[in-house]
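Heads up: the protein sequence lines correspond to chains G and C, in order. One rule links them: number in my numbering = place in the first sequence (from 1) + 8. One rule links them: number in my numbering = place in the second sequence (from 1) + 215.
Source of the hints: derived by calculation from the structure; they are not laboratory data. A hint or two may mislead.
In silico lysine-lysine, DSBU-like type, Cα no more than 35 Å apart, as pairs [stated by the list, open to error]:
| # | chain 1 | residue 1 | chain 2 | residue 2 |
| --- | --- | --- | --- | --- |
| 1 | C | K582 | C | K237 |
| 2 | C | K582 | G | K47 |
| 3 | C | K524 | G | K47 |
| 4 | C | K906 | G | K154 |
Restraint-style ranges between C-beta atoms, simulated for each label pair [as the list claims (entries may be wrong)]:
| # | chain 1 | residue 1 | chain 2 | residue 2 | range |
| --- | --- | --- | --- | --- | --- |
| 5 | C | F839 | G | N32 | 25 to 31 Å |
| 6 | G | N32 | C | T390 | 44 to 50 Å |
| 7 | G | P310 | C | G349 | 19 to 25 Å |
| 8 | G | P310 | C | R638 | 23 to 29 Å |
| 9 | G | G205 | C | Q306 | 35 to 41 Å |
| 10 | C | Q306 | G | A163 | 40 to 46 Å |
| 11 | C | T846 | G | G261 | 36 to 42 Å |
| 12 | C | R635 | G | K47 | 55 to 61 Å |
| 13 | G | D54 | C | V238 | 40 to 46 Å |
| 14 | C | G894 | G | G205 | 40 to 46 Å |
| 15 | G | E199 | C | T856 | 39 to 45 Å |
| 16 | G | R264 | C | N847 | 37 to 43 Å |
Note that the structure is a prediction, hence the values are computed from the model and not measured. Backbone N, C-alpha and C define an ideal beta-carbon position, used for all residues, glycine too.
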Amino acid sequence: MRPYGYVRANDVQGAVATLAEAPNAAYLAGGTNLVDLMKLGVVQPDLLVDVRRLTLERVEDLDDGGLRIGAAVPNSDLAADRKIRTRYPALSEALLAGASGQLRNLATTGGNLLQRTRCVYWQDTTTPCNKREPGSGCSAIEGHNKHHAILGASAQCVATHPSDMAVALVALDAFVNVQGPDGGRRIPIEELHRLPGDEPQRDTTLEHGELVTSVDLPPLGFLSNSRYRKVRERASYAFALVSVAAALDVEDGVVRDVRIALGGVAHKPWRATKAEEALRGEPIGEANFRVAAEIELEDAEPLRDNAFKVPLARNVITRTLLDLSEER
Amino acid sequence: MSTTAPGRAVGAPLDRIEGPQKVTGEAPYAYEHDVENPLYLYPLQSDIALGRVARIDASAAEGLPGVIAVISHQNAPQLADTRDKELAILQSDEVAFRGQYIGAVVAETFEIARHAADLVEVSYDEEQHDAAFGPDRDDLYTPDQLNAGFPTDTEEGDVEGALSSAAVTLDETYTTPLEHNNPMEPHTSIAFWEAGDLTLYESTQGAHAVRRTVARMFGLDRDRLRVVALHVGGGFGSKGLPHANTILAVMAAQVVEGSPIKFALTRQQMFSCVGYRTPTVQRIRLGADAEGHLTATSHDVVEQTARIKEFAEQTAYATRSMYATENRSTTHRLAALDVSVPSWMRAPGEAPGMYALEAAMDEMATKCGLDPIEFRVRNEPELDAETGLPYSSRNLVACLREGAERFGWEGRDPTPRTRREGRWLVGTGVASGTYPVFRLPGSRARIRSEGDGRYAVEIGAVDIGTGAWTALTQISADALDVGVEDIDLRIGDTELPSASVAGGSSGITVWGSAILEAARVFRERHGDDPSEGDTAEAGTPDNPETENYSMHAFGAYFVEARVDEDTGEVRVPRMTGVFAVGRVINAKTARSQFIGGMTMGLSMALHEESLLDPRFGHVLNHDFAEYHIPTNADVGEMDVTWIDEDDPYVNPMGSKGIGEIGIVGSPAAVANAVYHATGIRVRDLPITPDKLLR
Numbered sequence: 009m010r011p012y013g014y015v016r017a018n019d020v021q022g023a024v025a026t027l028a029e030a031p032n033a034a035y036l037a038g039g040t041n042l043v044d045l046m047k048l049g050v051v052q053p054d055l056l057v058d059v060r061r062l063t064l065e066r067v068e069d070l071d072d073g074g075l076r077i078g079a080a081v082p083n084s085d086l087a088a089d090r091k092i093r094t095r096y097p098a099l100s101e102a103l104l105a106g107a108s109g110q111l112r113n114l115a116t117t118g119g120n121l122l123q124r125t126r127c128v129y130w131q132d133t134t135t136p137c138n139k140r141e142p143g144s145g146c147s148a149i150e151g152h153n154k155h156h157a158i159l160g161a162s163a164q165c166v167a168t169h170p171s172d173m174a175v176a177l178v179a180l181d182a183f184v185n186v187q188g189p190d191g192g193r194r195i196p197i198e199e200l201h202r203l204p205g206d207e208p209q210r211d212t213t214l215e216h217g218e219l220v221t222s223v224d225l226p227p228l229g230f231l232s233n234s235r236y237r238k239v240r241e242r243a244s245y246a247f248a249l250v251s252v253a254a255a256l257d258v259e260d261g262v263v264r265d266v267r268i269a270l271g272g273v274a275h276k277p278w279r280a281t282k283a284e285e286a287l288r289g290e291p292i293g294e295a296n297f298r299v300a301a302e303i304e305l306e307d308a309e310p311l312r313d314n315a316f317k318v319p320l321a322r323n324v325i326t327r328t329l330l331d332l333s334e335e336r
Numbered sequence: 216m217s218t219t220a221p222g223r224a225v226g227a228p229l230d231r232i233e234g235p236q237k238v239t240g241e242a243p244y245a246y247e248h249d250v251e252n253p254l255y256l257y258p259l260q261s262d263i264a265l266g267r268v269a270r271i272d273a274s275a276a277e278g279l280p281g282v283i284a285v286i287s288h289q290n291a292p293q294l295a296d297t298r299d300k301e302l303a304i305l306q307s308d309e310v311a312f313r314g315q316y317i318g319a320v321v322a323e324t325f326e327i328a329r330h331a332a333d334l335v336e337v338s339y340d341e342e343q344h345d346a347a348f349g350p351d352r353d354d355l356y357t358p359d360q361l362n363a364g365f366p367t368d369t370e371e372g373d374v375e376g377a378l379s380s381a382a383v384t385l386d387e388t389y390t391t392p393l394e395h396n397n398p399m400e401p402h403t404s405i406a407f408w409e410a411g412d413l414t415l416y417e418s419t420q421g422a423h424a425v426r427r428t429v430a431r432m433f434g435l436d437r438d439r440l441r442v443v444a445l446h447v448g449g450g451f452g453s454k455g456l457p458h459a460n461t462i463l464a465v466m467a468a469q470v471v472e473g474s475p476i477k478f479a480l481t482r483q484q485m486f487s488c489v490g491y492r493t494p495t496v497q498r499i500r501l502g503a504d505a506e507g508h509l510t511a512t513s514h515d516v517v518e519q520t521a522r523i524k525e526f527a528e529q530t531a532y533a534t535r536s537m538y539a540t541e542n543r544s545t546t547h548r549l550a551a552l553d554v555s556v557p558s559w560m561r562a563p564g565e566a567p568g569m570y571a572l573e574a575a576m577d578e579m580a581t582k583c584g585l586d587p588i589e590f591r592v593r594n595e596p597e598l599d600a601e602t603g604l605p606y607s608s609r610n611l612v613a614c615l616r617e618g619a620e621r622f623g624w625e626g627r628d629p630t631p632r633t634r635r636e637g638r639w640l641v642g643t644g645v646a647s648g649t650y651p652v653f654r655l656p657g658s659r660a661r662i663r664s665e666g667d668g669r670y671a672v673e674i675g676a677v678d679i680g681t682g683a684w685t686a687l688t689q690i691s692a693d694a695l696d697v698g699v700e701d702i703d704l705r706i707g708d709t710e711l712p713s714a715s716v717a718g719g720s721s722g723i724t725v726w727g728s729a730i731l732e733a734a735r736v737f738r739e740r741h742g743d744d745p746s747e748g749d750t751a752e753a754g755t756p757d758n759p760e761t762e763n764y765s766m767h768a769f770g771a772y773f774v775e776a777r778v779d780e781d782t783g784e785v786r787v788p789r790m791t792g793v794f795a796v797g798r799v800i801n802a803k804t805a806r807s808q809f810i811g812g813m814t815m816g817l818s819m820a821l822h823e824e825s826l827l828d829p830r831f832g833h834v835l836n837h838d839f840a841e842y843h844i845p846t847n848a849d850v851g852e853m854d855v856t857w858i859d860e861d862d863p864y865v866n867p868m869g870s871k872g873i874g875e876i877g878i879v880g881s882p883a884a885v886a887n888a889v890y891h892a893t894g895i896r897v898r899d900l901p902i903t904p905d906k907l908l909r
């Protein structure tokens, strides 16, 4: 672990300005992922700019009827928020399905979005990894890849995004507000994370220095009929093999609208747009849900150890939509 | 030989006497001993699995303020004994496995040492390594003997003939993965050389064993070396034998003589150099007659060892005498690889071996159309088939019956995949377990009167978190016929009389026997009203009954498993364990031991698997986020009890060891319950959701 500098910025502008001038600096919020990676030597920033107290630390109503979540809101607070639990239950469930109680107390909304993959090769500095060291090769493609991607991977990288919260936010059509050296912008969350392509070292579309300040949830009524279902190898404190966040709007037994996002299957939270399209206007029911899931998974390209994710994702999508149909 | 008359202390559910110290942080673990101006060690580990260190450039590290020394094979102290290639580190440029220690940085703080280690540049002459374990290798070999001295292969009767004429046969292969012991407290040392004397605060299962090994390797007179291990946060076998981390700490202390060296392994480093459970491939063949009496039992094991040092786990040992079968054979073959050295992990041999046997017995019961309990009862032996001796006590059937009653086994529909609750498929399973009564040599106890009816009881044994502090106090109190409050127990120090390692579930039985003998001698010499300073010392007496009886503990394990039909997720809401272990010394700490063992068995069944990538040669999932053990949410109701077992032969206390029996049968019971729930027989541990998806 390399020695590093530490500064606490006075405000968002100051933090952004500091990072803009320091190409190897990083923001520090909860530190639950970054500090571990620094200890392992996986990331080696020269300078940490503490932003823990700079951004909003509560959930606020928006004029359009939606909610704004401050980037500094701890995962545990967000999971417990009454408005979140009643209007966007998938988000609360996703948060509670992630990490452990101790970690959720420290981890922030912004940090959770930007956490790094848990690919074992990426986390081990003695093995080749294109994400850690571009051009060195991907050890996972022909190695242990049970936890790796089945959708949207590249010949460069098959890592998955580990966040539960981000999967729910993608299903809920959230927007991410960021502040950068050249001003602010509002990013549809689906466009925040990226597929690996030829630049697996880039997890997101953020430019260096851009700071997540808040996340907005839209005022869609049917998002209160949403859930998050995570399948993992033990009952607590494990990353998803596959997870599903879904929201369902049904009228007279027909799908009026639907949102589906998958975790554990790709380099980013995977919005299942094909399945959604296949379902809109169709009657609810196990057969239709299953067919829609299969349509989404047609493009899956499993690796040596993770073919099970295809039937698993199919089953979990189907079951989650059935549960949402019954709960209405 | 008779058992000791029931006293007031033995058997009571006494709270741990060191409990308040532990929960207030005052009980010093090895790393926490107060030493002046310590230096910190961070190891350098090989990034290749085979070859030589071509060059080490430590200039940048040495130039870092706070760095005291960079040690490598170029400047390391020469060891007096280099026969043990696991321990004889830094004696040459050779690298024998990935992660092997090739040096160390010593610095004023842990952080500086770790940073400096990053700055040491190492280049290698790499050779093609071989770290790919598998049963089809053409270089499998037959070891001379197995761990604990057991014979490698056994054969009795005509197995092939019996199999070919059997009414019912089974031929299946079961595999268990590489697993790593991970006590909560990692391996830690403080080593301090001063004026030719070495003090070593060590997280170990055996202070005297560490002293013997370190003294031999460094050519030291044992009297110049003191090892202290007052409290240890778990070992599970990984601290049973000294590993290279201890040698590295002592070497560094020699280099910077006069300053204490502190060395604590990180969790990641626990996966490279302190032993592990070998992966196993086990072929089991069973034959039975039409009534379900076993006529043939065959158990063939392939497992792994390190090329630099052999460890041959006794995986099929328990199969040799578990059930009544005239025709029996067992074999063990090893693949010697360029990997770190496997070693003891809780119930080496029995845990993986009885998983395979007891899963096979469950399958065989189905084939014979018998209830799995009835099938086992039907094959209960009169004598230990391997030795021909009667058992000092064998109450497996009583455990099975008692467990069936407690668990609610009666009326179970054996048809798999018939019970469901919502999306959960529900099943139940049972298995048997056994563990031998080991009698490790070399324990002595000393008793001294401290006046006012108080006694010091001294033995250099180590409490690895099991409750030995308390149990030995109870044994001492009854042996001297005083209250536990009148005993000052002193353990965990080589200044005290020699004691065997806390391993093989043998600690309390052999240490306790030594204390009983010392108390007998004390009273004989000094009577009931001794003067202050009166002393007596004695060793564990020989037990001639070991020639006449076969001595084993037994257990029965019952599990309810629920499997989500859509996802293959397994939950175990309840387990029942019933044990026959002779007399229980402390009802409270014993219960904890059984729960811990059963939980570790649950963990073996559902979670644990070290992922070694043969291209690199090391384990990749080297932390608790990736190497799964159960969380609280994974452990349901644990129903634990033991039967009254009066064993007059096993030792004067009538007690068998309890440290390992809890893990032995529980993995098979889980696997059998998962089969009953789903109809899917997973013969490849751990049973993870991917293996249950259809």
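To see whether the hints hold, each was checked on the structure:
no. : hint                         : in the structure
1   : C:K582 to C:K237             : violated (52 Å)
2   : C:K582 to G:K47              : violated (54 Å)
3   : C:K524 to G:K47              : holds (32 Å)
4   : C:K906 to G:K154             : holds (12 Å)
5   : C:F839 to G:N32: 25 to 31 Å  : holds (30 Å)
6   : G:N32 to C:T390: 44 to 50 Å  : holds (46 Å)
7   : G:P310 to C:G349: 19 to 25 Å : holds (23 Å)
8   : G:P310 to C:R638: 23 to 29 Å : holds (24 Å)
9   : G:G205 to C:Q306: 35 to 41 Å : violated (49 Å)
10  : C:Q306 to G:A163: 40 to 46 Å : holds (44 Å)
11  : C:T846 to G:G261: 36 to 42 Å : holds (40 Å)
12  : C:R635 to G:K47: 55 to 61 Å  : violated (46 Å)
13  : G:D54 to C:V238: 40 to 46 Å  : holds (42 Å)
14  : C:G894 to G:G205: 40 to 46 Å : holds (43 Å)
15  : G:E199 to C:T856: 39 to 45 Å : violated (59 Å)
16  : G:R264 to C:N847: 37 to 43 Å : holds (41 Å)
In this structure, the earlier hints numbered 1, 2, 9, 12, 15 are contradicted, and the remaining ones agree with it.
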